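Chemist: One-letter residues, chain by chain:
2 protein chains.
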Amino acid sequence: MTFDELSHQIFKKQSYLCVGLDTDPRKLPAHLLSEPDPVFAFNKAIIDATADVAVAYKPNIAFYEAQGPKGWESLQKTLDYIPADCFTIADAKRGDIGNTSGLYARAFFDPSATGLDFDSVTVAPYMGHDSVTPFLDYPGKWVILLALTSNAGSADFQRLPTDPDGTNELFETVIQTAKTWADADRLMFVVGATQAEVFGRIRAIAPEHFLLVPGVGAQGGSLADVSRCGLTKAGGLLVNASRSILYASDGPDFADRARAEAQALQAEMATYLKAYTS
Amino acid sequence: MTFDELSHQIFKKQSYLCVGLDTDPRKLPAHLLSEPDPVFAFNKAIIDATADVAVAYKPNIAFYEAQGPKGWESLQKTLDYIPADCFTIADAKRGDIGNTSGLYARAFFDPSATGLDFDSVTVAPYMGHDSVTPFLDYPGKWVILLALTSNAGSADFQRLPTDPDGTNELFETVIQTAKTWADADRLMFVVGATQAEVFGRIRAIAPEHFLLVPGVGAQGGSLADVSRCGLTKAGGLLVNASRSILYASDGPDFADRARAEAQALQAEMATYLKAYTS
Numbered sequence: 011m012t013f014d015e016l017s018h019q020i021f022k023k024q025s026y027l028c029v030g031l032d033t034d035p036r037k038l039p040a041h042l043l044s045e046p047d048p049v050f051a052f053n054k055a056i057i058d059a060t061a062d063v064a065v066a067y068k069p070n071i072a073f074y075e076a077q078g079p080k081g082w083e084s085l086q087k088t089l090d091y092i093p094a095d096c097f098t099i100a101d102a103k104r105g106d107i108g109n110t111s112g113l114y115a116r117a118f119f120d121p122s123a124t125g126l127d128f129d130s131v132t133v134a135p136y137m138g139h140d141s142v143t144p145f146l147d148y149p150g151k152w153v154i155l156l157a158l159t160s161n162a163g164s165a166d167f168q169r170l171p172t173d174p175d176g177t178n179e180l181f182e183t184v185i186q187t188a189k190t191w192a193d194a195d196r197l198m199f200v201v202g203a204t205q206a207e208v209f210g211r212i213r214a215i216a217p218e219h220f221l222l223v224p225g226v227g228a229q230g231g232s233l234a235d236v237s238r239c240g241l242t243k244a245g246g247l248l249v250n251a252s253r254s255i256l257y258a259s260d261g262p263d264f265a266d267r268a269r270a271e272a273q274a275l276q277a278e279m280a281t282y283l284k285a286y287t288s
Numbered sequence: 011m012t013f014d015e016l017s018h019q020i021f022k023k024q025s026y027l028c029v030g031l032d033t034d035p036r037k038l039p040a041h042l043l044s045e046p047d048p049v050f051a052f053n054k055a056i057i058d059a060t061a062d063v064a065v066a067y068k069p070n071i072a073f074y075e076a077q078g079p080k081g082w083e084s085l086q087k088t089l090d091y092i093p094a095d096c097f098t099i100a101d102a103k104r105g106d107i108g109n110t111s112g113l114y115a116r117a118f119f120d121p122s123a124t125g126l127d128f129d130s131v132t133v134a135p136y137m138g139h140d141s142v143t144p145f146l147d148y149p150g151k152w153v154i155l156l157a158l159t160s161n162a163g164s165a166d167f168q169r170l171p172t173d174p175d176g177t178n179e180l181f182e183t184v185i186q187t188a189k190t191w192a193d194a195d196r197l198m199f200v201v202g203a204t205q206a207e208v209f210g211r212i213r214a215i216a217p218e219h220f221l222l223v224p225g226v227g228a229q230g231g232s233l234a235d236v237s238r239c240g241l242t243k244a245g246g247l248l249v250n251a252s253r254s255i256l257y258a259s260d261g262p263d264f265a266d267r268a269r270a271e272a273q274a275l276q277a278e279m280a281t282y283l284k285a286y287t288s
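If you read the sequences in order, they're chains A and B. Counting in my numbering, the first sequence runs from 11 upward without gaps. Counting in my numbering, the second sequence runs from 11 upward without gaps.
Calculated directly from the structure, the hints in this document are not laboratory data. Heads up, some of the hints might be wrong.
[To be verified] Listed next, the stretches of chain A that the computed footprint assigns to chain B, with coverage defined by at least 3 CB atoms under 8 Å from CB atoms of chain B: (1) 72-80; (2) 104-117; (3) 132-142; (4) 160-173; (5) 181-192.
Note that the structure is a prediction, hence the values are computed from the model and not measured. From the three backbone atoms N, C-alpha and C, an ideal C-beta is built for every residue, glycine too.
Pulled out of the complex, with its shape left as it was, chain A reads as follows (with noise of 0.2 Å):
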């Protein structure tokens, strides 16, 4: 999906939605055990009741590895599902040196090698260039780079000082070098939520990028403060949100509450399109 496609969708769909498939086999609704596939099943159900509202599906990759061969295929049959207007994003953190990261990226671009086709792949920043180009040989396919996180740990180095006069911290290091990689139709930034007050600095350097935002919902950030400091004349944020929808309930009725959930989101984000990006 190119960018003009998806700040499309964005303004179609009044919405910058992405659901966070973070499937976890612990956490479903006990009528689902029975299915041949309960990830599967529940992924379906989610994506049947979110569709019309999000713009974006994130699996985080770690929730299918961590069932072994057969969560894969609940990963392949997921993605395979979700409609072709939805921008989709393999959030795998990976990244390694040159022609290693070249196979991460065929993993997640090459259907012709595992079955899997995603719009993009969430990339770790730490290896350099070298491990994040690879990913961009695939054309029309986009890297998302880990920039500033919404966890506790994204204080202990990415918030480092790297110039001599201490202006510049590591996470705007990143993202000033990795524009020298890709431009905005190829390259998104992860920005945590919880970090809202440096949504401006980093729009100062980044203006055009779009953003991949986690951290709304559970985790505490506000999606008042980031749409207000992030969003763009093209949309520009793709905010995301996984437990709030996915565990909305754990009866018969999750698909519904997911669906109110990832309604009321949107609602809200359709005030902010108005208010900020007309």
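Fit chain B to the given chain A structure using the hints.
Modeler: For chain B alone, coordinates are given in the frame of chain A:
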């Protein structure tokens, strides 16, 4: 495997060789392609040929992941085949927020979940303490944290100054900080052989920790330099070679040629153990 057991194996075998099982299905000898699982058949032959001169095996997970679910099955069979006196490393470079890193830990450390029961996983430090410590919740298992990698991109961020007087670079801060999370009996660091000029600085910060050292062989690092600057009384090094062993020949003699390469490295290591640890 404990610190003392690993040290014991190093002096018993007079070797700190780690064989990187970076098995590329496109590089297999032609006569293996008719096997039911050519990747496993290749790995089995490599392990048979090298297990008396290697103390560790390190499958890089990208090579298996890029083959879809059948790749994970080849990985499982390979891990099960590695002799118990060898240390096993899942070179996965994973890392995510706490609850999600816990799932990656389960994927590689909990055989009841996926079948895999590695001794250790390589982990990326960018997301900080809560992305790393969930791997340490598994008793007896090891984290091998990326510090200073062997690739060109290591200069982009790992070498940035991270304190006002510019004496500490990011990789040094990573090592110093991570030392507060675990001791040398649960934590190692990845340091590329191409970075031999900084081994002295690393040993000043981490005099006892094992270092996992890729980059000897195809990447051009010097085993002599790494050994002189990195060996400790307990050994303290695992030096990885992958392509130079695996692909020494692409004919029916590949295992014999792999053994010859591994034996040559082991013989050289024996001289360094004598010179620098006695």
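Chemist: All the hints need checking, so say for each whether the structure fits it.
Modeler: Hint-by-hint comparison with the structure:
Under a criterion of three residues with beta carbons nearer than 8 Å to beta carbons of chain B, the stated coverage of the region 72-80 of chain A is upheld, 8 such residues being counted. Using a Cβ-Cβ cut-off of 8 Å, 11 residues of the region 104-117 of chain A lie near chain B, which meets the minimum of three, so the contact claim holds. A count of 9 residues in the region 132-142 of chain A with a Cβ less than 8 Å from any Cβ of chain B is obtained; the coverage claim is therefore met, three being the minimum. Interface restraint, the region 160-173 of chain A with chain B: holds (13 residues with C-beta to C-beta distance below 8 Å; minimum three).
Only when three residues or more bring their CB closer than 8 Å to a CB of chain B does the claim for the region 181-192 of chain A stand; here the count is 3, and the claim holds.
Every hint, counting from the list given before, is met by this structure.
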